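Q: Start from the sequences, fold in the hints, and give me the full structure.
Chains as they are written, first to last, in this note's numbering: chain A, 1214 to 1501; chain B, 1214 to 1501.
Rather than coming from a laboratory, the hints here were simulated on the basis of the structure. Just so you know, not all the hints are guaranteed correct.
Identical copies look the same in the list; a pair holds intra-copy or inter-copy alike.
Think about it this way: if two alpha-carbon atoms lie no more than 20 Å apart in a straight line, the pair counts; the simulated SDA-like pairs of lysine to any residue are [unchecked claim]:
id: 1; residue 1: Lys1219; residue 2: Leu1229
id: 2; residue 1: Lys1452; residue 2: Arg1238
id: 3; residue 1: Lys1452; residue 2: Gly1234
id: 4; residue 1: Lys1310; residue 2: Cys1295
id: 5; residue 1: Lys1231; residue 2: Leu1382
id: 6; residue 1: Lys1252; residue 2: Glu1222
id: 7; residue 1: Lys1310; residue 2: Met1296
All values derive from a computational prediction rather than experimental measurement.
2 protein chains.
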Amino acid sequence: MGEAAKAVEEMLECLLPKPHGLHGRIHEAMRYATFAGGKRLRPFLVLHSAGLFAVNRQGALRAAAAIEVLHTYSLVHDDLPCMDDDDLRRGRPTAHKAFDEATAVLAGDALLTIAFEILAHEETHASAEVRCRLIARLAEAAGSNGMIGGQMIDMVAAESAFGADDVILLQRLKTGQLFEFACEAGPILGQAGERHRGRLRDYARDMGLVFQITDDLLDVTSTAEKTGKAVGKDKDHGKATLVSIYGVDGARREAATIADRAVAALDGYGPEADELRALPPFLLDRET
Amino acid sequence: MGEAAKAVEEMLECLLPKPHGLHGRIHEAMRYATFAGGKRLRPFLVLHSAGLFAVNRQGALRAAAAIEVLHTYSLVHDDLPCMDDDDLRRGRPTAHKAFDEATAVLAGDALLTIAFEILAHEETHASAEVRCRLIARLAEAAGSNGMIGGQMIDMVAAESAFGADDVILLQRLKTGQLFEFACEAGPILGQAGERHRGRLRDYARDMGLVFQITDDLLDVTSTAEKTGKAVGKDKDHGKATLVSIYGVDGARREAATIADRAVAALDGYGPEADELRALPPFLLDRET
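A: Now the structure itself:
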């Protein structure tokens, strides 16, 4: 995963504006939030889903960069005092702490905007049809019936008696939709047709659930030192998670079952899908 | 202008999701902010710049809707407590007052996102190249070197000794860039070539300055009752404007000169440009 991270960080370095002019502070904040040493999981998924379809490397890296800045915007806005009110992210002060709230709102807006600018550029793919398909799919995944809808549900979750189905819906929107985009970006860039998109979407959906359950497990069982962010927040906020519903052991078992299903979704591919196959079991064992 | 407003509002009614599901609150907030009876000036510019190039009505209306939701997002975020902290917009509570801050942040994000989704859809234009050109231009106009850059400068303006050139730069980014996009959308949709884009950009730049100067004049000379928003805020916040630099009469004279120049930029067009020609003088006389 380190290799994908390095490649996408070089691309991000090229694509994000260098600080300049009276408004240089906005560029600084965009870069501060982006270059914070994350796992770059979504770029990893874009690059390896693209690897199944002989996609041009430059195009895959640009799509990977686009989803990473979009993911970063969602973290910056999520951390705001009026949202999750987090002071710490990946072991560093969050954007509104390092800068100020207004700059963090604007930097998030600018990162969301540049995601679409990156995809629209002809260097992403020679076919404008393909670029429009990526843009439409990303907007759908990130919009009010996707990620943002999930964040909205998350906000009302603390006051609601959520069951397992509601929690799964919440996560499929809040984090799952961007994973789905990341895994569909490969077949879209490779113009590979709906059957391939469907398989990779199935993989992404289950992989995303494993990611979320293990994230919730870490919130219960890990320390802020290890994860680089505050832990124990779900319980403090009274939020239902699959861990609070199934218990720690039950959630671990559920995650293992779903991880197997995610791997099985890739049965039609050869060894070029091995990195994607390795991810769900890797997530089961993660400590950060 | 009322006719353009009515047509774009019908399109927005179709394009914005109806409230549904556990996340229906996000759709309600998006609609609350959008259907607030604004002047729909940017859609007017899109529709009339499109009118110069025999553009398909459906496509022009979709581009008009896209810029209006993008403009609405910028108002929602601008009104937040950490930004301009406004309680009143178009005579009604602002989104974070009618809902809450977190919902307002998310609704702004969702409106920005759907702007690109609308443009990417094939109903906007049969050519995906044209759709990508619109998306790239809108992202540039709205991004960190466009509108958001202008808002960033605006935030530091209160503490800076800004001259007329700095204030003009600020306005060209903060409000001018979206006007430029609106006026360029016609020639882009009509595949009319750079010469036409250049003319309409010149018109937009000057029209935008007239808009801004007359807005600043209203802030000094009008009442909250007439404008539907708080007045006297620029002075309270110590912000430099062309009115504070040139004085009320000097700013009025400057606006009249720029308005003439805006009209002259349209010299190459026939009577189909008359609505655009009428706008700068209309702005000089506006009371809201």
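Q: Next step is simple, just say for each hint if it's right about the structure.
A: Results for each hint:
1. Taking the shortest alpha-carbon separations for lysine 1219 and leucine 1229, only the intra-copy value of 15 Å comes in at or below 20 Å, while the best inter-copy value is 39 Å.
2. With identical chains, the CA atoms of lysine 1452 and arginine 1238 are at most 20 Å apart between copies only, with a shortest distance of 18 Å across copies and 35 Å within one.
3. Taking the shortest alpha-carbon separations for lysine 1452 and glycine 1234, only the inter-copy value of 19 Å comes in at or below 20 Å, while the best intra-copy value is 43 Å.
4. Taking CA atoms no more than 20 Å apart as the test, lysine 1310 paired with cysteine 1295 passes in both settings, with 13 Å inside one copy and 13 Å between copies.
5. In the homo-oligomer, the alpha carbons of lysine 1231 and leucine 1382 lie at most 20 Å apart only across protomers (19 Å), although the nearest pairing inside one protomer, at 39 Å, exceeds that limit.
6. In this homomeric assembly, lysine 1252 and glutamate 1222 come within 20 Å of each other (Cα to Cα) only inside a single copy, at 11 Å, whereas the closest approach across copies is 43 Å.
7. For a Cα distance limit of 20 Å, the shortest separation of lysine 1310 from methionine 1296 qualifies both inside one copy, at 14 Å, and across copies, at 15 Å.
Consistency note: the structure conflicts with none of the earlier hints.
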